[in-house]
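Throughout the sequence shown, residue numbering follows our numbering, covering 1 to 566 in sequence.
Source of the hints: derived by calculation from the structure; they are not laboratory data. Just so you know, not all the hints are guaranteed correct.
Restraint ranges, calculated between C-beta atoms of paired labels, are given here [to be verified]:
#, residue 1, residue 2, range
1, E311, R540, 25 to 33 Å
2, C260, K142, 22 to 30 Å
3, R540, D259, 44 to 52 Å
4, K142, V429, 49 to 57 Å
5, N324, R400, 29 to 37 Å
6, G406, R322, 34 to 42 Å
7, D465, V547, 49 to 57 Å
8, P289, E548, 18 to 26 Å
9, K370, P525, 46 to 54 Å
10, D259, H379, 20 to 28 Å
11, D259, F510, 17 to 25 Å
12, G406, N139, 20 to 28 Å
Ideal Cβ positions, reconstructed from N, Cα and C, are used throughout, including at glycine.
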Amino acid sequence: MEMEMVGDVASLDPDLLQLPELSPLALKSNPFLAEQLFSLWLSLPETGRLVKNLLADVKTGTSTGNSMSINVSTTNSLPSMFPAASTPPLSPRSTSGSPRTVKQRSGLSSLGSPLKIVSEPVREVIPQFYFKNGRPPPNELKEQCLFAIDKHFYGHLGLQIHGEETFMVFSQNWLLYFPEFKAVTKEICKLPSFFSTALFRKIDINNRGIVTGKYIIIWYELMYAGMNLRDQFVNYWIGGNMLTVDLATQIYTILKQPDCRYLTQDDFRPLLHELLASHPGLEFLQSTPEFQERYAETVIYRIFYYINRSETGRLTLRELKRGNLIAAMQHVDEEEDINKVLRYFSYEHFYVIYCKFWELDTDHDFLIDKENLIRYGNHALTYRIVDRIFSQVPRKFRSRVEGKMGYEDFVYFILSEEDKSSEPDGNGVLTPNEMQFFYEEQLHRMECMTQEPVLFEDILCQIFDMIGPEVTPGFSTDNEGYITLRDLKGCKLSGNVFNILFNLNKFIAFESRDPFLIRQERENPTLTEWDRFAHREYIRLSMEEDVEDASNGSGDIWDESFEAPF
């Protein structure tokens, strides 16, 4: 019987020969002898029948159970290769096998065959767990979304929103009006309504639409009026897997530029322009475009002041998720009174910031210098802290004019001054020497105002008692103690430390402890220092404006409240 052995399919295993007179190590050291013994085994009649039965079972696809019952003792029918007592006896084979010689046996090894089949490794299919563009939506969610899309897009000849026909014939084309595209934006995408312009620009890949004020105008041929826009929206919202990502990622993807991994200030401008055009609380600004632009800039500056903690001007997805901007967007979309949205969008807050800047900018070139800033808060700041601000150590000015602070820089300044949340040094540590440097001018100003001066040693003890830092002053002169940024952020009274050091008016107010202000703080604990300051200043500024109008002889402005109480 002739058989050919393929080297890469089967290989000889000396252990499978099971010769008690011959050591497997001897066979391994002499491969030629093992091949001779294997050829001799193949020449036996029992071996031939065994191989034929196995081949027949493989061809018919039946089980090899019958072949397995063949007597496997044929391997022991070989004549003895050595005379008796010519070699020492082999050690008894352990049932568990030695860890040095045990090998995994499968297939034909149980039949006593020296052929060891090299089986291919079984490939386990691992389900995909990373999706570059987001996880695809489940079929049920996808069908629900498609049903809602068809309900909005398939109206009279393809498009109708809230029962109002949104198209008209113009020449040979269709001129389609989408009233602010809000129905699709709010009901299907669950986004604030003023995202409709930004969303439409994402789905209008062919740039066939024009965004003009309250309406989106799209030019299409008659038969494909509603169909093309619907398909583009499905491709973007469902095909782009926007259904399965969270709201922050949806907003981030809609606003950012295609090749960027961050948001810039310009990315927020379309949102503010649509908010100004559609929000009922901002309708009065439509007659003054210049103040619309200033309001949009102020809101964007406030967003980046609070959210962009890295101060790079590039807002990342992580920063967007950690902030409260999305909640504020949802609030302003539902609230008709814009001034009730204290985070970012309040018009009263914008009014206070802009008027404060306009008062300091005497030449109205939209730039202020040291002499202008020193007049802030009725000369409340010290010269040393103003020099510190213009040294640009804590923050570089965005103004390109040397020695000048622009409007964006002033927004950062007033938010930091009225709601302090950072320390004035760049190394994260505030030492007693640094605090004394700023307090010396405060002490001099108190003497000039005939106020009873408070010694720095007493102030230092008061500061350490308020903050409770980890490193406090010790008995030795070497251990003066210091305050870290972590200590300041962990204390609710940290703002008072900076008021003591470089704002005399607030320092005196803190020392006097006005019971009325304390009661106000307890009644509205959710309001921040900035919220209270902006509210007080808005009332003061509006009253000054009314008095000024009344003094100019305007009968329409005059009110009985300005008459003398007697």
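These are the hints, each one checked on the structure:
The hint said 25 to 33 Å for the Cβ distance between E311 and R540, and at roughly 31 Å that hint holds. At about 29 Å, the beta-carbon gap between C260 and K142 stays in the expected band of 22 to 30 Å. Separated by about 48 Å at the C-beta atoms, R540 and D259 satisfy the suggested range of 44 to 52 Å. Between K142 and V429 the beta carbon distance is about 55 Å. The supplied range of 49 to 57 Å therefore holds.
Separation of N324 from R400 is about 32 Å and conforms to the stated range, judged on CB atoms against 29 to 37 Å. Taking the beta carbon of each, G406 and R322 are about 28 Å apart, not inside 34 to 42 Å as hinted. Taken as a hint, the range 49 to 57 Å is violated for the pair D465 and V547, whose Cβ atoms sit roughly 44 Å apart. At roughly 24 Å, the beta-carbon separation of P289 and E548 lies within the given 18 to 26 Å, and the hint holds.
Between K370 and P525, the C-beta spacing of about 37 Å breaks the proposed range 46 to 54 Å. Our hint of 20 to 28 Å for D259 and H379 is violated, since their Cβ atoms are close to 49 Å apart. For D259 and F510, the Cβ-Cβ distance of about 50 Å falls outside the hinted range of 17 to 25 Å, so the restraint is violated. As the Cβ distance of G406 to N139 is approximately 54 Å, the hint placing it in 20 to 28 Å is violated.
In summary, the structure is inconsistent with hints 6, 7, 9, 10, 11, 12 from the numbered list given earlier, while agreeing with the others.
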